[in-house]
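There are 6 protein chains.
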Amino acid sequence: MTNNVEEFNAYRERMNGKLLGDNNKIIKRIFNLDTNAFAPGALDVKTKELLGLVASTVLRCDDCVKYHLETSYNHGLKKEEVMEALSIATLVGGTIVIPHLRRAYEYWEELETSTEKV
Amino acid sequence: MTNNVEEFNAYRERMNGKLLGDNNKIIKRIFNLDTNAFAPGALDVKTKELLGLVASTVLRCDDCVKYHLETSYNHGLKKEEVMEALSIATLVGGTIVIPHLRRAYEYWEELETSTEKV
Amino acid sequence: MTNNVEEFNAYRERMNGKLLGDNNKIIKRIFNLDTNAFAPGALDVKTKELLGLVASTVLRCDDCVKYHLETSYNHGLKKEEVMEALSIATLVGGTIVIPHLRRAYEYWEELETSTEKV
Amino acid sequence: MTNNVEEFNAYRERMNGKLLGDNNKIIKRIFNLDTNAFAPGALDVKTKELLGLVASTVLRCDDCVKYHLETSYNHGLKKEEVMEALSIATLVGGTIVIPHLRRAYEYWEELETSTEKV
Amino acid sequence: MTNNVEEFNAYRERMNGKLLGDNNKIIKRIFNLDTNAFAPGALDVKTKELLGLVASTVLRCDDCVKYHLETSYNHGLKKEEVMEALSIATLVGGTIVIPHLRRAYEYWEELETSTEKV
Amino acid sequence: MTNNVEEFNAYRERMNGKLLGDNNKIIKRIFNLDTNAFAPGALDVKTKELLGLVASTVLRCDDCVKYHLETSYNHGLKKEEVMEALSIATLVGGTIVIPHLRRAYEYWEELETSTEKV
Chain H
49 MTNNVEEFNA YRERMNGKLL GDNNKIIKRI FNLDTNAFAP GALDVKTKEL
99 LGLVASTVLR CDDCVKYHLE TSYNHGLKKE EVMEALSIAT LVGGTIVIPH
149 LRRAYEYWEE LETSTEKV
Chain C
49 MTNNVEEFNA YRERMNGKLL GDNNKIIKRI FNLDTNAFAP GALDVKTKEL
99 LGLVASTVLR CDDCVKYHLE TSYNHGLKKE EVMEALSIAT LVGGTIVIPH
149 LRRAYEYWEE LETSTEKV
Chain X
49 MTNNVEEFNA YRERMNGKLL GDNNKIIKRI FNLDTNAFAP GALDVKTKEL
99 LGLVASTVLR CDDCVKYHLE TSYNHGLKKE EVMEALSIAT LVGGTIVIPH
149 LRRAYEYWEE LETSTEKV
Chain E
49 MTNNVEEFNA YRERMNGKLL GDNNKIIKRI FNLDTNAFAP GALDVKTKEL
99 LGLVASTVLR CDDCVKYHLE TSYNHGLKKE EVMEALSIAT LVGGTIVIPH
149 LRRAYEYWEE LETSTEKV
Chain B
49 MTNNVEEFNA YRERMNGKLL GDNNKIIKRI FNLDTNAFAP GALDVKTKEL
99 LGLVASTVLR CDDCVKYHLE TSYNHGLKKE EVMEALSIAT LVGGTIVIPH
149 LRRAYEYWEE LETSTEKV
Chain F
49 MTNNVEEFNA YRERMNGKLL GDNNKIIKRI FNLDTNAFAP GALDVKTKEL
99 LGLVASTVLR CDDCVKYHLE TSYNHGLKKE EVMEALSIAT LVGGTIVIPH
149 LRRAYEYWEE LETSTEKV
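Chains as they are written, first to last, in my numbering: chain H, 49 to 166; chain C, 49 to 166; chain X, 49 to 166; chain E, 49 to 166; chain B, 49 to 166; chain F, 49 to 166.
Isolated chain H (complex conformation):
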């Protein structure tokens, strides 16, 4: 598996474990809400993942983008669909989104590579 995908997930899990290990209720509940908000409802999971991805991209949060790229990938979204969502994010959010678009593209390739290798 590609190092970047692995490393990102390992760091994320380790630190989330620490954050949730402490007894801060607000933080725990926000993490919990995050799981619920992306469950199927009036909208299906794929649409919700794209909404999370676009929100993360226009707010220029690289780690959030990586997270939603991975969940999008795992839910079977195609590269074309993801790129179309990212193009809307770039138009709405402006050219300052471009560096994040480059990193998103790179991470998507790493997700594809990491799966092929398995």
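These are calculated hints, taken from the structure and not from any lab test. Nothing here was measured: the structure is a model prediction, and the numbers come from that model. Among the clues, some could well be false.
Pairs of lysine to any residue, SDA-like flavour, derived with a Cα cap of 25 Å [unchecked claim]:
id : chain 1 : residue 1 : chain 2 : residue 2
1  : E       : K127      : C       : R60
2  : B       : K66       : E       : R77
3  : B       : K73       : F       : K127
Following the hints, position chains C, X, E, B and F against chain H.
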């Protein structure tokens, strides 16, 4: 028809006319791109409208939210679907999104009222 | 009582009622968290209100600023303390915060006036 | 003179007077820096005004945009130059800048009208 | 002492030295204001540090967060207090704050480790 | 030539190539607009580069800042002019801009070094 919907659209159209009447190529092309980006492609129009709505909401642009609420409404998106998209925006963007959520909810009601009256 | 304070609260309550009346769980829980986060804990209520105020100010959310000014006022924070918090927000967030500072100052005066009149 | 230009300036001056009347040193010094930063230096005043305008526009601060439109206007910048600066702001900041562009265009027209009437 | 804390401080000091070594008055004065704004006044130093920390967190500036974590730590703020402030920042600023929360938690641990070792 | 300048440009070019190699029209046109917007017009190229630099700085996009520092450098802008533009960005955008200012200063030095070595 409700005054707020009408007024918003009239102002928007009048000022867009002026902006496009001037010969600034960059502005003209950005407006043009905006039309193209939301046309059907790998993703359907409804999904794209929700992406535009969520991007506008987390970036807290009330006029952009109104615009995408209206196009979402006209493309037949249901209130439940729109609210689910907005709930993701509020979670990702935080409680500072709430005042925009109130105004979005109000505008959606005005869209519904304005149609009933016709 | 001053019209601005009254109007702001009436609108807020009416729309919050509608938002919570719908059955969107995510939105309901975010509202709920908002109440919990500002309850006394390791930090006292006054400190928390100032934290909420500064967060709202640097993110330039006028309605959030108004809300935290009012709760700060009701918890007995003094104008001097509030202004010192707002000066930190202006330094950290830059001169684009100044228009929000003007509106915050004005709203604080309205809070003072509305109480005197009672 | 146009009401909007007059009203904006009157409110700004009245509230700035109050903010500076209080003895908050940080706020006083930030206001002071604001005057110094736009004085001629390695860059001339016109260039600096355009920098202030573009910074205000991408950060989507309508009142800051109005202020820099007025100082740009008073320093003799032409509509074409201002629009070119605003087109860069719209490209860099994305389509969420467009509602602010509409209001900027409208305010520039009001500045032109208010001068003609004198 | 932990490498991360040391490295961050060394880089910060070296570059600040260069920035202040040049004769740009505006930059010098902003640095100066930064020192004054966090001095004790109507609010005590601990409260001010938490305000600086929350402002930095919702604006998602990792280096600013590190700086205020260190000054908070040096002024004797407890982990519980800092985490409560950060939970408010996460609620107000949304889940896009979470990656910064992970890094903040990690840096706090490094601050604790670096002191123990002395 | 300095590694940082070289590496940044190599990565940028490689990923831009991939992004443009895909057939996403919106992304292609945004890249195209970016070239057009900074061409000479009512404003000269140097002024436009400074506008792009300040917009990138207040929006705190390090890669965009690097890009505009390099084009500014290549168009013959002097360090003093660039620093004056950056000081306006810091004042307007607040102290959260300072970490980006440090990195900008460092990159400018690397641009100077990389040229001397040629």
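Each hint, compared with the structure:
1. As the CA atoms of E:K127 and C:R60 are separated by approximately 21 Å, the hinted pair is consistent with the 25 Å bound.
2. Our distance criterion of 25 Å between C-alpha atoms is met by B:K66 and E:R77, whose separation comes to about 23 Å.
3. About 15 Å separates the Cα atoms of B:K73 and F:K127, which keeps this hinted pair within 25 Å; it holds.
Hint compliance for this structure: every hint is met.
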